[in-house]
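Novice: Sequence:
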Amino acid sequence: MRQGPFLLGIDIGGTGSKAGVFTLDGKLVGAGYGEYRMISTLPGQAEHDAEAWWHSTVKAVREAIRDVSVDAILAIGIGCTNGLVAVDLQGKPLRPAIMLWDQRALPEVDRIREALDPDVVFRITGNPVAPGAYSLPTILWLKHHEPETFRAAHKLMVPGGYLVARFTGEFTIDHSRASTTLLFDIRKKEWHKPFLEALDIPADKLPRPEPSDAMVGKVTEEAARLTGLRPGIPVIAGCMDTIGASIGSGVIRQGECFVIMGTAARVSGPLGKASFDHRFMNCTHVLPGLWMYIGAVNGVGSSLRWIRDTFCHMEQKVADFAGGDVYDLITAQAAQAPPGSKGLLFLPYISGERTPIWNPYARGVFFGVTLGHNRNDFFRSVLEGASFAIRHVVELLETDNGVDIQELRIGGAAAASGVWNQIIADILGKKVVSLTQ
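Quick note: the numbering used here has the sequence shown finishing at residue 437, numbered continuously throughout.
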C-alpha cells in the first residue's frame, strides 16, 4: 500500500471518466477508467447520461485508489469537456446532459446575435458568438424547447461542476469553464448581469464562479461511501481539460504551445495579457497573470477514425488477430505515399469547423482525385489535411497575434504515431515533441 502524499485528478471526457492518483512531483501511481456512451437517436442530438458520469467516476476512482492509502490523498481536482446539465436541488440531473457536439442549438446563435451586440459580447467575454463550443446557445435551447425543465432546474452546470456537486454538495463553476459560457466577464471574473437580463436568464440558475485552485468543498460522507475515499478530502474548483493537459505538458509561458490530438485537436498556450483574437476560444488561466488561447480544430482524430471505419475493415481484422493497433497499419500505408499525396488534397471539415472559420456547415472534401491515386495516397492526404488545419491555427497565432512558436508539444492518442508527428513537423516547419511515444 503506497503511503503518499497524493493528489487525485478526475476528468470527464467525451467517452469516459478517468481518475489518476499522483505523487506531488507528478508521478502516476494509480489509474482508473469508466466508460459511457453518447446518446444520439435524434437529428443533431449529442447527449450523455450525467448519472453515467457519476457511476463511471465512482468506478474509476475505486480502481485508481486500489493500491494507495486514501488517508494520504490531500486534495481532488476535476477537469472536463464542455456540456450542460440541468440539476435539481440535490444535484441530480433532470435530463441528459447536452454536449458540445449537439447541433440543435445552432438557431439560438442567431437569436443571441439579435439580442446582443456580438462586438460587446466579444469585448466582455473574450469570445465570439459562435456555435459548437459555448454554453449560452444550449441554455437558450433548453429555455425555449424544454421550458418545464428550465424552470425546474436549480442550477445549470458544466460536467466538472456537476461532479464537484456530487462530491461536495456545492454548486460551482471554475473560471476557465465559466469563460466559455458567453455570460462571464472574463476580466472582472463574474457573471455579466446585462446579458442575463437581456436574455431573461435568472442569475440564480448559474453556479458560483470560483478560481480554479479554490477549495470549494469537501468530500461528503455519502460520496466517500460510494467511492472508497475518506470524508473531508478538500475538492478544488478544477479547470478546463485543455488547460490541465497543457500545464501537465510543461506549457506555462507565452510562446510555448501544446496540441492535444483527440477526436478534435486543440492548439493551446498561455498569453501574457488579455488581448484576444475572435477566431479563437479564450479563457482565464489557472496560473496568475496568464490567459489561455485555444484553437479547436474539429476534424483531426475524427478524420482518421472515419478512414478506419469506412475503408479499413481488413486492417481492423489483422490488428485484432495480431493484437496490434489498426492505426499503426493505416499510418504505415500512409508512409508509403510521397509527401503531397501526389496532389490529392483533403479538407478535414467532416464535422464542420471551429477555429478559425467557425462554420458548422463546412464539409470535408477530397480534391484532385485521379486514376493514379491509391489507398496510400488517400490515407496520407487525410493526415496532411488535418496537419494543415493545425498549421492554419499556428500561422494565425504568429502572424496576427505576435506569438512566436518554436516547438509544439503533442499529446493524446493520435500523437503516438511517429508518421503523423513527422508530417506535422514537415508541414509546420516546427520541432514536434510527442508526449505519447
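Hints are supplied without guarantee of correctness; some may be wrong.
[To be verified] Within a straight-line C-alpha distance of at most 30 Å, the following computed DSS-like cross-link-like pairs (lysine-lysine) qualify:
| # | residue 1 | residue 2 |
| --- | --- | --- |
| 1 | 431 | 27 |
| 2 | 143 | 188 |
| 3 | 189 | 92 |
| 4 | 218 | 59 |
| 5 | 342 | 18 |
| 6 | 218 | 92 |
| 7 | 205 | 188 |
| 8 | 431 | 342 |
| 9 | 143 | 92 |
[Claimed, not checked] What follows is a list of derived Cβ distance ranges for each label pair:
| # | residue 1 | residue 2 | range |
| --- | --- | --- | --- |
| 10 | 115 | 26 | 41 to 49 Å |
| 11 | 149 | 339 | 48 to 56 Å |
| 12 | 88 | 275 | 51 to 59 Å |
| 13 | 110 | 274 | 23 to 31 Å |
Note that these hints are calculated values from the structure, not bench results.
Every residue, glycine too, gets a C-beta built ideally from N, C-alpha and C.
Novice: Among all the numbered hints in the text so far, which are the ones the structure does not match?
Specialist: Violated hints: 5 and 12; rest satisfied.
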